[in-house]
Amino acid sequence: MSERATPTPETDDPTHGAADTEEQPRTDDADDERPPVTTGASSVVRALEAAGVEAAFGVQGGAIMPVYDALYDSPIRHVMMAHEQGASHAADAYGVVKGEPGVCLATSGPGATNLVTGIADANMDSDAVLALTGQVPSDMVGSDAFQETDTIGVTAPITKHNYFAGDADTVGDTVGEAFALAGMGRPGPTLVDLPKDVTQGEAGREPGPARPPKTYNPQMEADEQDVKVAARAIENAEKPLLLFGGGVIKANASKTARAFAIDHGIPVVTTMPGIGSFPEDHELCLSWAGMHGTGYANMAITHTDLLIAVGTRFDDRLTGGIDSFAPEAEVLHIDIDPAEISKNIHADYPLVGDAGRVIDQVDTAMEHSPDAREWREQCGQWKEEYPMDYAAPSDEPLKPQFVVEAFDEATADDTIVTTGVGQHQMWASQYWTYREPRTWVSSHGLGTMGYGLPAAIGARLAADQMGQEDRSVVCFDGDGSFLMTMQELSVAVRENMDITVAVLNNEYIGMVRQWQDAFYEGRHMAAEYNWCPEFDRLAEAFGARGWRVDDYDQVVDAVSEALAYDGPSVIDFHVDPGENVYPMVASGAPNGKFALSEDQL
Amino acid sequence: MSSDRTTETESNTAENVHRTGLKGPGPDERPHPQGRRNSQGIRIDPEVEAEPDTREAVLSALVLNEPGVLARASGLFARRQFNIESLTVGTTQSEEYSRITLVIREPEPGIEQAKKQLEKLVPVISVTELTDEAVRRELALIKIEGEHPDQIAAVAEMYDGRVVDACADAITVEVTGPKNTIENALDTFERFGVREIVRTGTAALEAGANATAKHWPDE
Ligand SMILES: Cc1ncc(C[n+]2csc(CCOP(=O)(O)OP(=O)(O)O)c2C)c(N)n1
Chain B
2 MSERATPTPE TDDPTHGAAD TEEQPRTDDA DDERPPVTTG ASSVVRALEA
52 AGVEAAFGVQ GGAIMPVYDA LYDSPIRHVM MAHEQGASHA ADAYGVVKGE
102 PGVCLATSGP GATNLVTGIA DANMDSDAVL ALTGQVPSDM VGSDAFQETD
152 TIGVTAPITK HNYFAGDADT VGDTVGEAFA LAGMGRPGPT LVDLPKDVTQ
202 GEAGREPGPA RPPKTYNPQM EADEQDVKVA ARAIENAEKP LLLFGGGVIK
252 ANASKTARAF AIDHGIPVVT TMPGIGSFPE DHELCLSWAG MHGTGYANMA
302 ITHTDLLIAV GTRFDDRLTG GIDSFAPEAE VLHIDIDPAE ISKNIHADYP
352 LVGDAGRVID QVDTAMEHSP DAREWREQCG QWKEEYPMDY AAPSDEPLKP
402 QFVVEAFDEA TADDTIVTTG VGQHQMWASQ YWTYREPRTW VSSHGLGTMG
452 YGLPAAIGAR LAADQMGQED RSVVCFDGDG SFLMTMQELS VAVRENMDIT
502 VAVLNNEYIG MVRQWQDAFY EGRHMAAEYN WCPEFDRLAE AFGARGWRVD
552 DYDQVVDAVS EALAYDGPSV IDFHVDPGEN VYPMVASGAP NGKFALSEDQ
602 L
Chain H
45 MSSDRTTETE SNTAENVHRT GLKGPGPDER PHPQGRRNSQ GIRIDPEVEA
95 EPDTREAVLS ALVLNEPGVL ARASGLFARR QFNIESLTVG TTQSEEYSRI
145 TLVIREPEPG IEQAKKQLEK LVPVISVTEL TDEAVRRELA LIKIEGEHPD
195 QIAAVAEMYD GRVVDACADA ITVEVTGPKN TIENALDTFE RFGVREIVRT
245 GTAALEAGAN ATAKHWPDE
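Residue numbers (this note's numbering), protein chains in the order written: chain B, 2 to 602; chain H, 45 to 263.
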């Protein structure tokens, strides 16, 4: 089965996962001690255990109660969330950090619809998530029964595939299949809708191992002839540029990709989801390109003659206007999803397959590296011409960028950063130096405000279960984003989760305010949040620790105290409400025309 | 840190604040390449700037015969704004599998995208685009005013059709054939007074001994 469903690509055994962790023995010997499968629900839980699932996030409710009851006897750690949206984001982030599908559960109707945002988010970012939803009994389906929603219909467009469970005997197999499918090939969310009669019904057999559907066979290696042609193109390029997308990280190909770039001396730009695939402090790294990417990344992408794109879907936030995207470049596109090839940007050299394997194929086929010395120098010059240095005059309030840098300074390289959506997210991605994959956990494609805190909870549990209790988890949130899911603080307190939330509080939904200033003559319609609660006090009311920071000289102490506190903490940073995110490529504009200040938009 | 709780009335609102931004040469001071892409993301000669022509394609998908598979396919096409001319579905020689025949009109990249997106659906086994030689058939039932039964029967025969139902007031004719035969037949029947029409989409199989599906699942 897939190299992706599980963190260790060497194994062919889809069930390995937790099978070899010590505190939860799931070896064959232990089978005998487990209660026998008697119902559909116990078969569901057994299938999860067999697939190596160690955690699940969810909220109880009528139609899903049989499954929860079966979890009572399971070693799977269930985290009860405050809201199902939180459950889906937590599962998503858990999966991102752990490199395996995250699991979330909800009851029928409102439970299922509350999951939708997180499922859509996972779908856009190709994150592996398995959602299990309760459903009214089969014979009531279609009758508008209490808490009935057509969950299959609602989630079909936002899942990789979804399943309506048929009967108690096979429901465990279905759940196993959905789990395997979520992690395989191009990952994504899957969902199994579980009518109550199916989970309550009698089952007489153990579910089989988690296997993807027979019709799903992603191509892992590219055609050898195509690889040869592509290799020649790289050898002959004068201005080659690597573009690493989130697919590099999902394929666990960061190491291979790094070695390839360094061996051949090819500069690297990442997409936003690709942050961490290549160390940002490496001289070849130009950081990320796109709407708020660095000036040098956008210059490089505008002037390259061969764009070697790996695991990216050429989102419009990356490309800017299609007409002017990498206008001088031939495009070499490596992706495991054939439908991404030439979807938005035509690929001159399409290579379908697993990121790591195809990079290896190309590397093997290359007879020499391209002669890119001048181009590297040019890229270096752009780095000097377009520094990310922000102004911090003493007569202006605290700058959010400074806060991000202070946290980066105070934490180790393996620290996990999660965010909401808005300006704070951009500063967190621009002013933190990412060096490792799976340390940047954000909502890219869907742009979901409120992702940050539940994602921090999921990331924390993943790190803890991987034995990395000392790893820090920092959530940079906006005041607006934090208000959308801050009730999950109750969960972090209850579970004593060591996370630090840094609210970059600008008393605005700042990204909207920035656009209003640039494109709507400064008319601040519904953008002011200066009625925000005092987040530090609110944190204390939840049972977490809270700090408020207004000035530069308070930052370092607050950061170190919050990081040192072993539990959830919130720092309410009152930052400059007038600060804007730059560089900025206006929607549909050429990347090379990025603005460095408002008057250039 | 939490000490200072005086609510600042002169709070730093962003009104009229214009922060400096970042350093570096402005957009007009940078070199900009001349190259261009069209809306399909294909590099083009900026002087010519032609958008690709659309064409009609007949796609045949072999799918698992399970509930919801038609909804998945049609939902996909609606969601991604593919221009569908017709979509039909029916069983094959094996009860386990159905065949969906789709006629779409798109530029070349759109046709490729449609095939690949369809192939991504889990219950889809294989997708092929049929050649021009493929056998393509549609069916129409046409209910016509009953005044001229003999003439109607004669016209039906001209188009290899036949009368399938008749009463004093109305006559129903069945015509089967390639799309243009049906269109011509409809035009001709128009003068007798058409009451109702129903048409199926295109059903198609590859011509000769060639297989329509690229592959069937291995047993
Ligand atoms: C769920 C959701 N609703 C609305 C938006 C539109 N939106 C994008 S950014 C933004 C402002 C975010 O404000 P805040 O969280 O305070 O962050 P800031 O930009 O101020 O850093 C809004 C409303 C969104 N992305 N997500």
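Since the hints were derived computationally from the structure, they do not count as laboratory data. Incorrect hints may have been included.
To be verified - Keeping only pairs whose Cα atoms sit at most 30 Å apart, straight-line, the calculated DSS-like set for lysine-lysine is: (1) B:K215 x H:K223; (2) H:K223 x B:K229; (3) H:K223 x H:K160; (4) B:K215 x H:K258; (5) H:K258 x H:K159; (6) B:K229 x H:K159; (7) B:K215 x H:K159; (8) B:K229 x H:K187; (9) H:K160 x H:K187; (10) H:K164 x H:K67; (11) B:K215 x H:K67; (12) B:K256 x H:K187; (13) B:K256 x B:K384; (14) B:K256 x B:K229; (15) B:K384 x H:K67; (16) H:K160 x H:K67; (17) H:K258 x B:K229; (18) H:K223 x H:K159; (19) H:K164 x H:K187.
Hint check:
no.: 1; hint: B:K215 x H:K223; verdict: violated, 36 Å
no.: 2; hint: H:K223 x B:K229; verdict: violated, 45 Å
no.: 3; hint: H:K223 x H:K160; verdict: holds, 26 Å
no.: 4; hint: B:K215 x H:K258; verdict: holds, 16 Å
no.: 5; hint: H:K258 x H:K159; verdict: holds, 13 Å
no.: 6; hint: B:K229 x H:K159; verdict: holds, 26 Å
no.: 7; hint: B:K215 x H:K159; verdict: holds, 19 Å
no.: 8; hint: B:K229 x H:K187; verdict: violated, 61 Å
no.: 9; hint: H:K160 x H:K187; verdict: violated, 40 Å
no.: 10; hint: H:K164 x H:K67; verdict: violated, 46 Å
no.: 11; hint: B:K215 x H:K67; verdict: violated, 55 Å
no.: 12; hint: B:K256 x H:K187; verdict: violated, 69 Å
no.: 13; hint: B:K256 x B:K384; verdict: holds, 24 Å
no.: 14; hint: B:K256 x B:K229; verdict: holds, 22 Å
no.: 15; hint: B:K384 x H:K67; verdict: holds, 11 Å
no.: 16; hint: H:K160 x H:K67; verdict: violated, 44 Å
no.: 17; hint: H:K258 x B:K229; verdict: holds, 27 Å
no.: 18; hint: H:K223 x H:K159; verdict: holds, 22 Å
no.: 19; hint: H:K164 x H:K187; verdict: violated, 41 Å
Going through the hint list in order, the structure does not satisfy hints 1, 2, 8, 9, 10, 11, 12, 16 and 19.
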